[in-house]
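Protein chains: 2
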Amino acid sequence: MAKELTTRSENYSQWYQDLVIKADLAENSAVRGCMVIKPYGYAIWEKMQAELDRMFKETGHVNAYFPLFIPKSFFSKEAAHVEGFAKECAVVTHYRLKNDTETGGVVVDPEAKLEEELIIRPTSETIIWNTYRNWIHSYRDLPLLINQWANVVRWEMRTRLFLRTAEFLWQEGHTAHATKEEAIAETEKILDVYATFAEKFMAMPVIKGIKSANERFAGAVETYSIEALMQDGKALQSGTSHFLGQNFAKAFDVTFSSKEGKLEYVWATSWGVSTRLMGALVMAHSDDYGLVLPPKLAPFQVIIVPIYQKEEQLVLISEKVKEISGKLKANGISVKFDDNDNKKPGWKFAEYELKGVPVRLAMGPRDLQNGTVEVARRDTLEKQVVEIDGIENYIEQLLADIQSNIYTKALKFREESTIKVDTWDEFKEALKKGGFILAHWDGSSETEEKIKAETKATIRCLPLEFEPEEGKCVYSGQPSNRRVLFALAY
Amino acid sequence: MAKELTTRSENYSQWYQDLVIKADLAENSAVRGCMVIKPYGYAIWEKMQAELDRMFKETGHVNAYFPLFIPKSFFSKEAAHVEGFAKECAVVTHYRLKNDTETGGVVVDPEAKLEEELIIRPTSETIIWNTYRNWIHSYRDLPLLINQWANVVRWEMRTRLFLRTAEFLWQEGHTAHATKEEAIAETEKILDVYATFAEKFMAMPVIKGIKSANERFAGAVETYSIEALMQDGKALQSGTSHFLGQNFAKAFDVTFSSKEGKLEYVWATSWGVSTRLMGALVMAHSDDYGLVLPPKLAPFQVIIVPIYQKEEQLVLISEKVKEISGKLKANGISVKFDDNDNKKPGWKFAEYELKGVPVRLAMGPRDLQNGTVEVARRDTLEKQVVEIDGIENYIEQLLADIQSNIYTKALKFREESTIKVDTWDEFKEALKKGGFILAHWDGSSETEEKIKAETKATIRCLPLEFEPEEGKCVYSGQPSNRRVLFALAY
Numbered sequence: 108m109a110k111e112l113t114t115r116s117e118n119y120s121q122w123y124q125d126l127v128i129k130a131d132l133a134e135n136s137a138v139r140g141c142m143v144i145k146p147y148g149y150a151i152w153e154k155m156q157a158e159l160d161r162m163f164k165e166t167g168h169v170n171a172y173f174p175l176f177i178p179k180s181f182f183s184k185e186a187a188h189v190e191g192f193a194k195e196c197a198v199v200t201h202y203r204l205k206n207d208t209e210t211g212g213v214v215v216d217p218e219a220k221l222e223e224e225l226i227i228r229p230t231s232e233t234i235i236w237n238t239y240r241n242w243i244h245s246y247r248d249l250p251l252l253i254n255q256w257a258n259v260v261r262w263e264m265r266t267r268l269f270l271r272t273a274e275f276l277w278q279e280g281h282t283a284h285a286t287k288e289e290a291i292a293e294t295e296k297i298l299d300v301y302a303t304f305a306e307k308f309m310a311m312p313v314i315k316g317i318k319s320a321n322e323r324f325a326g327a328v329e330t331y332s333i334e335a336l337m338q339d340g341k342a343l344q345s346g347t348s349h350f351l352g353q354n355f356a357k358a359f360d361v362t363f364s365s366k367e368g369k370l371e372y373v374w375a376t377s378w379g380v381s382t383r384l385m386g387a388l389v390m391a392h393s394d395d396y397g398l399v400l401p402p403k404l405a406p407f408q409v410i411i412v413p414i415y416q417k418e419e420q421l422v423l424i425s426e427k428v429k430e431i432s433g434k435l436k437a438n439g440i441s442v443k444f445d446d447n448d449n450k451k452p453g454w455k456f457a458e459y460e461l462k463g464v465p466v467r468l469a470m471g472p473r474d475l476q477n478g479t480v481e482v483a484r485r486d487t488l489e490k491q492v493v494e495i496d497g498i499e500n501y502i503e504q505l506l507a508d509i510q511s512n513i514y515t516k517a518l519k520f521r522e523e524s525t526i527k528v529d530t531w532d533e534f535k536e537a538l539k540k541g542g543f544i545l546a547h548w549d550g551s552s553e554t555e556e557k558i559k560a561e562t563k564a565t566i567r568c569l570p571l572e573f574e575p576e577e578g579k580c581v582y583s584g585q586p587s588n589r590r591v592l593f594a595l596a597y
Numbered sequence: 108m109a110k111e112l113t114t115r116s117e118n119y120s121q122w123y124q125d126l127v128i129k130a131d132l133a134e135n136s137a138v139r140g141c142m143v144i145k146p147y148g149y150a151i152w153e154k155m156q157a158e159l160d161r162m163f164k165e166t167g168h169v170n171a172y173f174p175l176f177i178p179k180s181f182f183s184k185e186a187a188h189v190e191g192f193a194k195e196c197a198v199v200t201h202y203r204l205k206n207d208t209e210t211g212g213v214v215v216d217p218e219a220k221l222e223e224e225l226i227i228r229p230t231s232e233t234i235i236w237n238t239y240r241n242w243i244h245s246y247r248d249l250p251l252l253i254n255q256w257a258n259v260v261r262w263e264m265r266t267r268l269f270l271r272t273a274e275f276l277w278q279e280g281h282t283a284h285a286t287k288e289e290a291i292a293e294t295e296k297i298l299d300v301y302a303t304f305a306e307k308f309m310a311m312p313v314i315k316g317i318k319s320a321n322e323r324f325a326g327a328v329e330t331y332s333i334e335a336l337m338q339d340g341k342a343l344q345s346g347t348s349h350f351l352g353q354n355f356a357k358a359f360d361v362t363f364s365s366k367e368g369k370l371e372y373v374w375a376t377s378w379g380v381s382t383r384l385m386g387a388l389v390m391a392h393s394d395d396y397g398l399v400l401p402p403k404l405a406p407f408q409v410i411i412v413p414i415y416q417k418e419e420q421l422v423l424i425s426e427k428v429k430e431i432s433g434k435l436k437a438n439g440i441s442v443k444f445d446d447n448d449n450k451k452p453g454w455k456f457a458e459y460e461l462k463g464v465p466v467r468l469a470m471g472p473r474d475l476q477n478g479t480v481e482v483a484r485r486d487t488l489e490k491q492v493v494e495i496d497g498i499e500n501y502i503e504q505l506l507a508d509i510q511s512n513i514y515t516k517a518l519k520f521r522e523e524s525t526i527k528v529d530t531w532d533e534f535k536e537a538l539k540k541g542g543f544i545l546a547h548w549d550g551s552s553e554t555e556e557k558i559k560a561e562t563k564a565t566i567r568c569l570p571l572e573f574e575p576e577e578g579k580c581v582y583s584g585q586p587s588n589r590r591v592l593f594a595l596a597y
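Chains as they are written, first to last, in the numbering used here: chain S, 108 to 597; chain A, 108 to 597.
If we strip away everything but chain S, and leave its shape as in the complex, we get (with noise of 0.2 Å):
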């Protein structure tokens, strides 16, 4: 292999390192905490953008953009959310440099100190929902349903690049309603959004759930969200969607005269999904060879090698080739072909291999003769000799095949993965193996709390399909009448 990486058996976590490194997906940058999304895993993130984008144009959305900056005081408005939100906050408190006369350099001119604060958003509703205010009189202004994509910050203490980073790229849905009912099913249909985008763009099976009162957004009556499986039995939750009530409008005060002629507050609803879907994307589907995109998201699809020893068989090869890739792009398939003359067919097997390209055409002199090309399939590895006659088919009907195919094998994965368990022993075993354990709780955030500190394992959520069923919490013996998803999380 052109790049060593670690094997998942080895050190999973090394694995998943190695490879976003490797596969020029992102790297450390020197600011602690904050990564470089490089030109190939951008290109990847691109294509989630584009695609979450038209799906919320579908369904109605518009973008809007607002200041990175937010006064230190919007954050003690709302009190579940000064209480509960993470306080790891980026704070900028001057704004000028001046030139240090000592030593050439520059310093923090401490007389351009702010009189307030700024806070660099680690989310927005704060700064929103103040302009909403102005933004929002009669019934007749709403619903007001509005996204961004943007960049915050959250100055986690451990990093890991896409899972947890300083800085990350996200969108953040920001909507008010008239009633609570309008709100509620805004937030359950950017839930379907987030599920269906998952499932059919990035071949990942996930969980709907509803987050218990513990995993709940600091200021959410409701937090929804789309929990994944990740190969090492490990959850990574992949999305959220809350209904806010009214808590934001009763915070800054963000009322509307309704149909009857009443002052009412508005009803509120927030979403987002980050960069992290990066990470989530690499350890669903990945293997120890490297990358496994799905097609719909691979930077390209098809990268086509030349083999050949003379010139003369690289420009009869390349002729050939550029008669595919015609074919190929006139049915939507993005191809490259890698002529570079300074590596070796075998180091360019492992680099697209590592990298994830679904599919890999090889073309020798004898396929030529034969009128053939060597086809490779990312996901299970199998090659074949199939006719360039009628080639753009194929490939087309191969790309569905292996989109479908990755999501199978996830599905599957996961499937096997889950297990019912009824008593604390053999949760704590099943914990031992990974995985989504579906058990019997209380309902309070006391059990749940002890069940973490004993094991790590969190409440997933409660899912939005189940069969109700009596039974008894695993961990305090007390009635239930449903079970709820737990695993050991990202």
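If you are wondering where the hints come from, they were derived from the structure by calculation, not from laboratory data.
None of these values were measured; they are calculated from a predicted model.
Be aware that one or more of the hints could be misleading.
[Stated by the list, open to error] Derived list of chain A stretches under chain S, where covered just means 3 residues or more per stretch with a C-beta under 8 Å from a C-beta of chain S:
#1 159–171
#2 223–230
#3 254–267
Note that beta-carbon positions come from the ideal geometry of N, C-alpha and C, so glycine has one too.
Fit chain A to the supplied structure of chain S, relying on the hints for placement.
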């Protein structure tokens, strides 16, 4: 009119401010100098982004993302950059808040002080070249053609929506090359991309040129720009492309081994356009009734307003409109039907004029009978009754006409507002009227500074297209062999 605008002749600056706010493009936020870009404004910016992004990719560039924060020490590494670049930067000094037990609010935790302050990027050359050091080793790693879409912060004291804000959105390209020639070619190629975008999409004629030493970007060897003329006779720099020589490579020690095996410093360019273009777009074309948007950047190109008295009429009109909309959409035209029953047609007419929608269709019962529709174009405010049969082709042609008419009008205005002057009195006289002034200049920074001090006029650029001509500096009387472009500027 629905919302009163100050007229341009009354107070151009107020007209601009009114228009940006009343047309729902943007507004000032609770954070000093930072704006909220509203959905209608953001939709225009998205169209600009999409087109520019397409042009960058067509010319071989890829996107990536670098950190928001830059360690303070990085600013000291490139001598001209530290000396010349504006020091008005937002400085992060702390990374945590804590609850304030006295007030119940939050305060900055004094114990969470950063060892080295972080600067919110005002531009990213330093952090990017610090990153490139690890990416570039051999000539085979070059060129590196990377762009990023990002927010940046410059703590401007006097801000105006879009034109000068503390935080703004932009793209910044940062490329690395093996040779000086290649880097210069890149700088010029991007200038062409910018000029093409301005002229073909914004319908805004621009002059391409090179900046004088005084106006050069701090750290650049040469700064190129496109300069546009606003309706009040002031110039607006609309995009810059910098040839950075080896300055940043030397400051951050970025070398490569050449084909010949020699270790050499890398050559650099950087280039950017920002949400400032939104300000240019507004000021270049709009009138006392509101925005005039070029069809290629309008969030929607056609608005359809029904004229009716009875509900049954609306039903019939709506059916017909559905048919028309379908045809227009099939021709790639974006359409909105405003059947809001809360507003009168007159109000809607004014509203969509304010918002600059290129074409308005109005349909009443008589139109329905006659198989016609009233078509109004925003640029000239002309109205015409047109047969519905074949309307899609008529509108398609009309949109193309509007796009070209707006450009032609702006070009004519610029030509009429460009004057050659040869004496200092003429120069001062011309400035009173505003517009572009072509005058001889002795080439010295001293003269340029004196002219600026006396008149506020600056050299906008040394146009790339010019006729060599012997003359005398308009200020010093020293010999000169070409005219340069002066103006008052935003």
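These are the hints, each one checked on the structure:
Here's how the region 159–171 of chain A fares: 3 of its residues keep a CB closer than 8 Å to some CB of chain S, so the rule of at least three is met and the hint holds. A stretch counts as covered by a chain when three or more of its residues have a beta carbon under 8 Å from one of that chain; for the region 223–230 of chain A and chain S the count is 4, and the coverage holds. With 4 residues carrying a beta carbon less than 8 Å from a beta carbon of chain S, the region 254–267 of chain A meets the three-residue requirement, and the given coverage holds.
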